[in-house]
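Student: Note that numbering that gives the first Met the number 0 has the sequence shown beginning at 0, numbered continuously upward.
Don't read these hints as lab results, they were simulated from the structure. It is possible that part of the hints are untrue.
Claimed, not checked - Calculated pairs, EDC-like style, for lysine to aspartate or glutamate (alpha carbon to alpha carbon, straight line, at most 16 Å):
#	residue 1	residue 2
1	Lys196	Asp124
2	Lys450	Asp413
3	Lys398	Glu378
4	Lys373	Asp354
5	Lys171	Asp124
6	Lys167	Glu181
7	Lys254	Glu470
8	Lys453	Asp422
9	Lys112	Glu240
10	Lys371	Asp413
11	Lys121	Glu135
12	Lys80	Glu181
13	Lys4	Glu39
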Amino acid sequence: MKRSKIVRDHRSVLNTDAFDKRRFKELFGMSDGLQKVRDEGQLPTAEALLGDIWAALYKMKPRIVAGGIHPALKANQTILKKIMKDEHFEEYRNFTRLDDLAATVCTVKFGEKINAWLADAKALDEELLEKMEAVEALQDNVPIEQATPEGMDEIDEPVQELAEASDKLNDKLELTLETSGERFLQAMDEAVEETIKVKDSLISLMGGSSAGKGDADLKKVPLREQLAVADQLATNPKMQEIAEWAGRFKEVASKKQKTNYAESMERRGVTTGNEIERLLPIELGLYTHDATKKDFLRRFAEEETMQYDQRKREELGKGPIVFCLDQSGSMKLLDNQSKGFILALLSIAKKQRRDLCVLLFSTTVQQETFVKGKITSSELARLARTYLGGGTDFTLSLKEALKVIGGSTFKNADVIFVTDGEDEISNSFLKEFNEMKKQKKFNVLSLILGKDTKIAESFSDRVLHVTDFDEEGSFTAFEI
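Please model the complete structure; the sequences and the hints are all you need to start from.
Tutor: Rendered as structure tokens:
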């Protein structure tokens, strides 16, 4: 269902200013979650309530105004007072204050919990239901821009009726909050916990792989993209599980990349040269003695002094990545793991500015290309929900990989091939594929989750047998 992105009710019971209202209007237009909660609102003034909840969470010093509020907003005022007087409220604000993402997601969660609490209260209390319906009916006859009764010489009858009905509703709501206030505040606690989980998952999905930099990396993603993915995380258990795997695999990937760098400085025997920092202690000793100093200097000039041999630093980010992922029916149980694994590869590709092409295959092939490792919210959603099913066709996926590598942007690509299945490949295609490997100078790493590795060995440079993606052998892919 297409929802309206327009905020019509800007009324407030807080000390909101023009900036607050304009910013909430912008965020409301970006967030499907806010629009959904507004549409499902149990109170007639649900839209205004959401704006005030956001302001209470976001502003530096929010406070409830003393008087002069619209009569229909009295219920909103009662709810805000309950929330803001809670001893945990300032703790919540440590997480949401001046944070567009956290404040918006938390507003959605508060709105959902308030809607659910009110729905339960109405189901148990027919009087509360009747009073809410009465206010809603009367509100239709009073424009939002209508002046409040205070300070008016003559009070219009519809305004007077709305004010009286709102007072009765507010009295009933206050009584309900007194009797079930603990349950209400517990729901608010749950809303904050869910918000923190959503943000952490968002960092796992869209943040980088560097430890401690996830929040900073996330801020580089456009806010509209952040909110779009946050809305999906809040409602989609599959996305939440993918986020958990992505966080796990990104951490491993980061360690693997650091290990590659550290190993590049490892001493691996003795060679000759004239790099002072790598000279053996015995050579330095020869330099300090008058009898051997001249001989040392001669050999040093001729690059014949003994020095430690070190592994050359690996050239990380040497080329694009082509990831061929089997999506036949037997891989279904590992689907969320595999998506998290792809996101970890994307974090490497983004950091090293490498293109990544994902080839999802069964008896068909679906291609997703991520330039410089960047992924949008719509691409992320599509990747998460895509599962091909069916049988397994190695030849089809390898042919598609050759087409991708044949493109100008995917020269010198590294190919990672993942499958749990078995298939036959014709000798003629194997010959063609292996000749293209030599010609295009690319390598193939195969992760085999099944039992038979013989076919994969015929077209791969390296084959690793693993049981799932969360295994040390699989992490070899993060070293490319």
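Student: Could you run down the list of hints and mark each one as holding or not?
Tutor: Checked hints:
Simply put, lysine 196 and aspartate 124 have alpha-carbon atoms about 33 Å apart, too far for the 16 Å limit, and the pair is violated. For the given pair, lysine 450 sits about 24 Å from aspartate 413 by alpha-carbon distance, which is inconsistent with the 16 Å threshold. Taken as a hint, the lysine 398 and glutamate 378 pair is broken in the structure, with Cα atoms around 24 Å apart against an allowance of 16 Å. A C-alpha spacing of about 9 Å is found between lysine 373 and aspartate 354, which places the hinted pair at or below 16 Å, so the restraint holds.
Simply put, lysine 171 and aspartate 124 have alpha-carbon atoms about 10 Å apart, close enough for the 16 Å limit, and the pair holds. Only pairs whose Cα atoms come within 16 Å are accepted, and lysine 167 paired with glutamate 181 is rejected, the gap being roughly 23 Å. In summary, the hint linking lysine 254 to glutamate 470 is supported, as the alpha carbons are separated by about 14 Å, within the 16 Å threshold. The hinted pair formed by lysine 453 and aspartate 422 meets the criterion: a straight-line CA distance of about 10 Å does not exceed 16 Å.
Among the hinted pairs, lysine 112 with glutamate 240 is inconsistent with the structure: their alpha-carbon atoms are about 23 Å apart, more than 16 Å. Pair hint lysine 371 plus aspartate 413 holds up; C-alpha atoms about 15 Å apart against a cutoff of 16 Å. This hinted pair checks out: lysine 121 and glutamate 135 have alpha carbons roughly 14 Å apart, not beyond 16 Å. A distance of roughly 14 Å separates the Cα atoms of lysine 80 and glutamate 181; the hinted pair therefore holds under the 16 Å criterion.
Pair hint lysine 4 plus glutamate 39 holds up; C-alpha atoms about 14 Å apart against a cutoff of 16 Å.
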